[in-house]
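Residue numbers (the working numbering), protein chains in the order written: chain A, 518 to 857; chain B, 518 to 857.
Honestly, I wouldn't trust all of these hints.
For identical chains, the list gives no copy identity; a pair is met inside one copy or between any two copies.
To be verified - With a straight-line Cα cutoff of 27 Å, these simulated DSS-like cross-link-like pairs (lysine-lysine) come out:
hint : residue 1 : residue 2
1    : Lys743    : Lys854
2    : Lys844    : Lys788
3    : Lys743    : Lys685
4    : Lys854    : Lys606
5    : Lys755    : Lys788
6    : Lys823    : Lys698
7    : Lys743    : Lys815
8    : Lys844    : Lys698
9    : Lys788    : Lys743
In case anyone wonders, no lab produced these hints; they're calculated from the structure.
Next come the chains, spelled out residue by residue.
Number of protein chains: 2
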Amino acid sequence: MNTQLNQRIVLASRPVGEPLPANFRLESAPVPTPADGQILLRTLYLSLDPYMRGRMSDAKSYAPPVAIGEVMVGATVSRVVQSRHPDYKTGELVLSFNGWQDYALSDGTRVHKLGDLARPSLALGILGMPGFTAYMGLLDIGQPQAGETVVVAAASGAVGAVVGQIAKLKGCRVVGIAGGKAKCDYVMTELGFDVCIDHHADDLAEQLAAACPSGIDVYFENVGGKVFDAVLPLLNTKARVPLCGLIASYNTTGLPDRPDRLPLLATTILKRRIRMQGFIIFDDYGHRYPEFLQEMGKWFAEGKIKFREDIASGLDAAPDAFIGLLKGNNFGKLIVKISD
Amino acid sequence: MNTQLNQRIVLASRPVGEPLPANFRLESAPVPTPADGQILLRTLYLSLDPYMRGRMSDAKSYAPPVAIGEVMVGATVSRVVQSRHPDYKTGELVLSFNGWQDYALSDGTRVHKLGDLARPSLALGILGMPGFTAYMGLLDIGQPQAGETVVVAAASGAVGAVVGQIAKLKGCRVVGIAGGKAKCDYVMTELGFDVCIDHHADDLAEQLAAACPSGIDVYFENVGGKVFDAVLPLLNTKARVPLCGLIASYNTTGLPDRPDRLPLLATTILKRRIRMQGFIIFDDYGHRYPEFLQEMGKWFAEGKIKFREDIASGLDAAPDAFIGLLKGNNFGKLIVKISD
Numbered sequence: 518m519n520t521q522l523n524q525r526i527v528l529a530s531r532p533v534g535e536p537l538p539a540n541f542r543l544e545s546a547p548v549p550t551p552a553d554g555q556i557l558l559r560t561l562y563l564s565l566d567p568y569m570r571g572r573m574s575d576a577k578s579y580a581p582p583v584a585i586g587e588v589m590v591g592a593t594v595s596r597v598v599q600s601r602h603p604d605y606k607t608g609e610l611v612l613s614f615n616g617w618q619d620y621a622l623s624d625g626t627r628v629h630k631l632g633d634l635a636r637p638s639l640a641l642g643i644l645g646m647p648g649f650t651a652y653m654g655l656l657d658i659g660q661p662q663a664g665e666t667v668v669v670a671a672a673s674g675a676v677g678a679v680v681g682q683i684a685k686l687k688g689c690r691v692v693g694i695a696g697g698k699a700k701c702d703y704v705m706t707e708l709g710f711d712v713c714i715d716h717h718a719d720d721l722a723e724q725l726a727a728a729c730p731s732g733i734d735v736y737f738e739n740v741g742g743k744v745f746d747a748v749l750p751l752l753n754t755k756a757r758v759p760l761c762g763l764i765a766s767y768n769t770t771g772l773p774d775r776p777d778r779l780p781l782l783a784t785t786i787l788k789r790r791i792r793m794q795g796f797i798i799f800d801d802y803g804h805r806y807p808e809f810l811q812e813m814g815k816w817f818a819e820g821k822i823k824f825r826e827d828i829a830s831g832l833d834a835a836p837d838a839f840i841g842l843l844k845g846n847n848f849g850k851l852i853v854k855i856s857d
Numbered sequence: 518m519n520t521q522l523n524q525r526i527v528l529a530s531r532p533v534g535e536p537l538p539a540n541f542r543l544e545s546a547p548v549p550t551p552a553d554g555q556i557l558l559r560t561l562y563l564s565l566d567p568y569m570r571g572r573m574s575d576a577k578s579y580a581p582p583v584a585i586g587e588v589m590v591g592a593t594v595s596r597v598v599q600s601r602h603p604d605y606k607t608g609e610l611v612l613s614f615n616g617w618q619d620y621a622l623s624d625g626t627r628v629h630k631l632g633d634l635a636r637p638s639l640a641l642g643i644l645g646m647p648g649f650t651a652y653m654g655l656l657d658i659g660q661p662q663a664g665e666t667v668v669v670a671a672a673s674g675a676v677g678a679v680v681g682q683i684a685k686l687k688g689c690r691v692v693g694i695a696g697g698k699a700k701c702d703y704v705m706t707e708l709g710f711d712v713c714i715d716h717h718a719d720d721l722a723e724q725l726a727a728a729c730p731s732g733i734d735v736y737f738e739n740v741g742g743k744v745f746d747a748v749l750p751l752l753n754t755k756a757r758v759p760l761c762g763l764i765a766s767y768n769t770t771g772l773p774d775r776p777d778r779l780p781l782l783a784t785t786i787l788k789r790r791i792r793m794q795g796f797i798i799f800d801d802y803g804h805r806y807p808e809f810l811q812e813m814g815k816w817f818a819e820g821k822i823k824f825r826e827d828i829a830s831g832l833d834a835a836p837d838a839f840i841g842l843l844k845g846n847n848f849g850k851l852i853v854k855i856s857d
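Bound-form chain A, shown alone (with noise of 0.2 Å):
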């Protein structure tokens, strides 16, 4: 019998448009007890990504909606700090799906031993859902070519700043779109993209022209909205464009009013023969997590590929910081600490 309580934050109603902050609410409930077969796990960092969204809304997905009143989902770096499973001792780290909140029980479904991992929060970032997303939609879906030019939008992003680092080590010339000198300097210096352009500027369809001067052979789709506007006249023919996002339409709540451009893109998709995969990461690509691991741990390992982190303090810090994921307020990936 635990007399702690455990806080959660749970969907109040849903949002039109841009989430607020009167989308969430925090309650308190007894933590609650494992029975026979379960565990109980505290919450260390909770992981905010862009998906979330969509489980906000109600419209069919790949996903079921969150109900009104559920606590909202997301993957937890966690510690079993009470274990009936015979599988699980008291203390070990492990990748779970908690949501948002300091405690939940598990039978074990979808918890992942993190063993000594050093820095556990990588097995939200890097060695996670967005680095295993950029992994596999660049190089299963984009097959990058040595030579071959790359762009990536959100590209100071979680998936963004890994999905380009992959195509500079394979050999691509790789264009990022980032919000902000400061990411696009990060970008450029630190990750070693050959141009970062600004998504604010008035000219980025013309920055982006100039910057892929023999076309765009790989677009890694995590944004769509003006970028992907920008970047579809550029399509070389066979152009590949993995597609894991679209975060630029999440919050809107219509189509736009302007000319429909659907016979526009399914006829640049005929005529450069492009090939547009959309794909979600665990489903589609699950059994390849473990090759996945090995080669994105070592790469990490020997400095080859670079991560940047931006953590949010406290459970109650959860629903600005999410809301400010939409709007490219995070710099890296967002993660929540909520405890130690």
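Go by the hints and put chain B onto chain A.
Relative to chain A, chain B alone:
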């Protein structure tokens, strides 16, 4: 020295929207005389295909446009009537690219011997570009699995008819879309599709939804327009959309004046993890033509795949026949018989 005349149809002007008879001009010129290393080809059959509409425009595309005053391009079955080339004998039948004219010279480039093919016009249909397009697009990009639902537009056309029949051989549920009752009856009765829907129906979208109770796993796209609009909401998770044509938009002159659905298409591709891929058959799959010819030749000889031709008579019939092709007036593979 030939004293006969070479009748030929040249591009007189570029169409704006639908091609008109005035965009073409019938000319006469002397029949050319082969130089050393050349052959003179007499056209027997001229293939008319939707892609030719693209060549009449000067918009950037996968192939250069036909110049004003130049002979319209096109695949032909022809006979060698004079040879100054060591590899060709007078009287041989070949697949060539004479274009819309009675005679053409060639040095052997893009000329393929047809041997003793009993119905040489088949080299323009089931055993040629349309059949090959159907075969590779469906099998390599579409990857249909037994029990899946495959939807095919222009189902009685040269490509669609073959797509659907191969999908039936692979154990799929096959739903065709065609223009008018006669074509739909043919598609179901002769070609063995499970269902065929008339695209003139006001309730096309509802009929398609009813015909695809388990959604759509493969949509073979060669039409676009309202058919694609009806297909989009029905595409299943992991659906594949091979894209080889968009006949519905070939005559359009601008973007449709309605809300922009480009973000909707991208979001659908993302959420349902769809693969959409354009291809140009000989550019992408030329190396696999022998494999196709063997397999398709066998299916056709065994009566497993049927093929219908719609043969117009005489070179001067080509412009009207082509204009009708873009309206769906043909019923089967459209070919013009030029000479015996």
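Outcome of the hint check:
no.	hint	in the structure
1	Lys743 to Lys854	neither (33 Å within a copy, 50 Å between copies)
2	Lys844 to Lys788	between (34 Å within a copy, 21 Å between copies)
3	Lys743 to Lys685	within (25 Å within a copy, 42 Å between copies)
4	Lys854 to Lys606	within (23 Å within a copy, 81 Å between copies)
5	Lys755 to Lys788	both (9 Å within a copy, 23 Å between copies)
6	Lys823 to Lys698	within (19 Å within a copy, 62 Å between copies)
7	Lys743 to Lys815	neither (36 Å within a copy, 50 Å between copies)
8	Lys844 to Lys698	within (16 Å within a copy, 53 Å between copies)
9	Lys788 to Lys743	both (22 Å within a copy, 20 Å between copies)
In this structure, the hints that do not hold are numbers 1 and 7, in rising order.
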